[in-house]
Amino acid sequence: MRRAAVLLAPFLGTGLALALGATPEVLRAQGDSLFADSVLSQATRLATEGQTDSARALVRRRIGALQPSDSLYPAALYAAGLVAGNADTALTYFRRASIEYSHSSWAAPALVRLAQFAYAARDFSTARVSAERVLSDYPVTPVRAQAAYWGGRARLELNELAAACGLMQQAETEAGADVETANRARFYLQRCRGVAPAPAETTRAAATFTVQVAAVRSAAAANDLMRRLTQYGYQPRAVREPDGLLKVRVGRYQSRTEAQRVAAALKTRLGGSPFVVEERRP
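Here the working numbering is used: position 186 in the sequence shown is 186, and no number is missing along the way.
Keep in mind that the hints were calculated from the coordinates and are not lab data. Just to be clear, a hint being listed does not mean it is correct.
The following label-pair restraints were derived from C-beta to C-beta distances [claimed, not checked]:
id : residue 1 : residue 2 : range
1  : Val239    : Gly194    : 32 to 38 Å
2  : Gly233    : Leu161    : 41 to 47 Å
3  : Pro68     : Pro139    : 23 to 29 Å
4  : Val39     : Ser218    : 30 to 36 Å
5  : Ala57     : Thr230    : 42 to 48 Å
6  : Arg227    : Gln67     : 42 to 48 Å
7  : Gln254    : Ser218    : 43 to 49 Å
8  : Thr92     : Gly233    : 31 to 37 Å
9  : Gly64     : Leu161    : 19 to 25 Å
10 : Ala57     : Glu258    : 32 to 38 Å
11 : Arg227    : Pro139    : 32 to 38 Å
12 : Phe187    : Arg45     : 45 to 51 Å
Straight line, CA to CA, 16 Å or less: simulated EDC-like cross-link-like pairs of lysine to aspartate or glutamate [to be verified]:
id : residue 1 : residue 2
13 : Lys267    : Glu241
14 : Lys247    : Glu279
15 : Lys247    : Glu100
16 : Lys247    : Glu278
17 : Lys247    : Asp137
18 : Lys267    : Glu100
Since this is a predicted model, take the numbers as computed values, not measurements. No residue lacks a Cβ here, since even glycine has one placed at the ideal position from N, Cα and C.
Modelling step: build the complete structure from the supplied sequences, incorporating the hints.
See below:
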């Protein structure tokens with residue numbers, strides 16, 4: 001596996017660079033090895049060289065040549081977010097990658113980007129939700145350490161020191177060869193000396209699993225979907241997250257396996273990409 005490269009602000013055009021202008025850390029991604037597609041890889045190289053207009057044009061043409069069902073489509077959305085010219089456009093692309101393609105390998109990196117944006121905007125609750133969703137829903141993604149780090153940063157700002165320290169410890173532990181994330185986590189772990197760990201029962205004992213069917217922006221869309229689910233015998237509910245989305249979910253199950261069976265049945269019946277979410281309630 002090629003070593004991850006440091007991603008400096010020019011790679012992001014003015015999008016994430018503007019959003020994180022007050023944040024001292026440089027941003028990371030996998031550089032040239034991030035995209036297997038030669039066009040997307042070329043676009044990211046152009047962006048690192050400051051040719052952001054050319055980079056965006058390449059990505060637009062690539063997206064235009066794809067169908068939403070193509071396996072490359074979520075990668076193209078993620079690339080579009082990276083080279084976007086402003087924060088709003090970048091957010092739109094990252095949200096699409098994380099919601100419309102939640103089963104792809106690009107969903108978790110997109111959620112980390114959303115957490116970074118929210119943190120830069122001082123929306124620490126949303127930053128925490130986005131980062132910790134990576135940890136609960138994507139057990140094998142290579143960006144778990146980064147997610148834990150940003151979740152820890154958000155928890156620190158929310159004055160939740162014990163939980164923040166747990167996340168920073170997780171970031172250091174899972175960083176592996178990602179020396180930068182490990183070092184940044186160690187810096188914040190200096191605050192954790194003598195801090196009692198968060199009680200295990202508050203994070204584990206109340207964990208259940210649910211199936212997220214869709215995330216929509218309007219109450220009308222949520223209500224329409226919930227009516228359909230009710231007709232099929234499910235008991236749906238809509239959860240409004242800090243990012244403003246209404247997340248339509250069904251059931252609370254004691255095991256991930258049980259929830260996965262329900263998700264598979266929903267996919268067969270309704271299509272889309274239902275996925276399992278771990279919920280924790282105090």
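Against the structure, the hints come out as follows:
Taking the beta carbon of each, Val239 and Gly194 are about 36 Å apart, inside 32 to 38 Å as hinted. Checked against the hint of 41 to 47 Å, the C-beta distance between Gly233 and Leu161 comes to roughly 45 Å, which is consistent with it. Judged by the Cβ atoms, the range 23 to 29 Å given for Pro68 and Pro139 holds: they are separated by roughly 26 Å. Range check, Val39 to Ser218: about 34 Å between beta-carbon atoms, so the 30 to 36 Å window is met.
Checking the proposed 42 to 48 Å range against Ala57 and Thr230 shows it holds: the Cβ atoms sit about 46 Å from each other. Take Arg227 and Gln67: their Cβ atoms lie about 29 Å apart, and the range 42 to 48 Å is violated. Hint check: Gln254 to Ser218, Cβ distance near 32 Å, so the stated range 43 to 49 Å is violated. Distance hint for Thr92 and Gly233: a CB-CB separation of about 35 Å, consistent with the stated range 31 to 37 Å.
The hinted range of 19 to 25 Å is not satisfied by Gly64 and Leu161, whose Cβ atoms lie roughly 48 Å apart. Checked against the hint of 32 to 38 Å, the C-beta distance between Ala57 and Glu258 comes to roughly 47 Å, which is inconsistent with it. A hinted range of 32 to 38 Å holds for the C-beta pair Arg227 and Pro139, which are about 33 Å apart. Checked against the given bound of 45 to 51 Å, the beta carbons of Phe187 and Arg45, roughly 31 Å apart, lie outside it.
Using a Cα cut-off of 16 Å, the hinted pair Lys267 and Glu241 is violated, with the two alpha carbons roughly 23 Å apart. Taking the CA atoms of Lys247 and Glu279, the gap is about 13 Å. The hint holds against a cut of 16 Å. Taking the CA atoms of Lys247 and Glu100, the gap is about 12 Å. The hint holds against a cut of 16 Å. This hinted pair checks out: Lys247 and Glu278 have alpha carbons roughly 14 Å apart, not beyond 16 Å.
Distance restraint check for Lys247 and Asp137: the Cα-Cα separation of roughly 15 Å lies within the 16 Å cut-off, and the hinted pair is therefore satisfied. Taking the CA atoms of Lys267 and Glu100, the gap is near 14 Å; set against the 16 Å cutoff, the hint holds.
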